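Construct all of the structure, not just a fragment, from the sequences and the given hints.
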Amino acid sequence: MGRAERTSFILDTLARDGEVSVSTLAEALDVSPVTIRTTLKELEDEGYLVRTHGGARPTAYRNIRLRQNDRIAEKERIARAAAEMVRDDDRIMIEAGTTCSLVVKYLTARRGIQIVTNSLLVFANARPNPNIDVTLTGGRFHAETESLIGPVTERALNAFNARLVFLGTDGFGVDRGLTTQLAEGGHVGTLMRARAEETWCLADSSKYGRAGFVSFMGIEDVTGIITDGGLPEESIKELTERTRVRLV
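The working numbering puts the first residue of the sequence shown at 590, with every later residue one more than the last.
Derived Cβ-Cβ restraints for the label pairs, each shown as a range: (1) Ser621 x Phe749: 41 to 51 Å; (2) Arg716 x Arg744: 17 to 27 Å; (3) Phe802 x Pro740: 16 to 26 Å; (4) Gly819 x Ala617: 30 to 40 Å; (5) Glu809 x Ala772: 17 to 27 Å; (6) Glu631 x Pro719: 33 to 43 Å; (7) Glu787 x Glu665: 14 to 24 Å; (8) Glu631 x Pro821: 42 to 52 Å; (9) Leu836 x Asp677: 25 to 35 Å; (10) Val639 x Ala772: 18 to 28 Å; (11) Glu635 x Gly727: 18 to 28 Å; (12) Gly798 x Ser621: 37 to 47 Å; (13) Glu633 x Ala713: 15 to 25 Å.
Read the hints as simulated data drawn from the structure, not as lab findings.
Values in this document were obtained by computation on a predicted structure and should not be read as measured data.
Glycine included, every Cβ here is placed at the ideal spot set by N, Cα and C.
Have a look at this one:
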């Protein structure tokens with residue numbers, strides 16, 4: 590088994606179990622403990638995990654690879670609903686995020702779609718579909734979010750126009766709006782909104798009431814939010830007073 594396969598196995602196990610041990614990984618992968626420790630050190634240097642005595646745990650801000658499997662059924666429903674809004678020959682922007690990255694999987698029946706994104710996960714999911722034209726913004730790579738950020742990204746976004754923008758969030762609510770742990774990521778979302786006719790936030794209900802480090806957009810500034818049915822009735826009422834809400 591090569592490093593890529595070994596890395597994927599370790600990250601998948603960490604996402605599922607919340608922690609990993611050197612001995613268990615060595616046995617499962619049929620490699621030496623030294624090899625596992627070396628791989629864990631490399632993954633720690635890349636920001637994927639934190640090594641512990643005899644194993645590893647996720648970083649405090651969990652890498653996006655580790656968050657992909659959280660509430661996956663809800664994320665898939667939200668992504669499918671977002672994809673249904675896309676038309677043939679549409680122009681869309683997709684920001685980094687686990688739910689946003691799934692949207693392109695449901696565009697197989699569409700033709701002539703042009704996508705601008707700063708997300709490496711969106712790019713990876715779009716590659717198998719020859720009917721999607723993907724433009725990556727360029728910029729500085731941020732490993733924890735698998736995204737491109739910074740001045741190069743921001744300059745690139747100002748060259749494009751889109752009908753739809755799909756944004757992710759680390760937490761949202763009526764008081765703080767959309768929030769993120771990464772300030773530069775929030776700036777990307779703000780720029781995308783400025784270049785689009787409609788801006789939709791894709792977020793599962795577990796994000797409601799949570800707040801990331803930075804507030805980057807008010808609830809009233811988005812066209813609508815697509816989320817699952819786990820929100821309390823009172824929260825739905827508060828949100829619908831400020832924007833459109835689609836429950837899936």
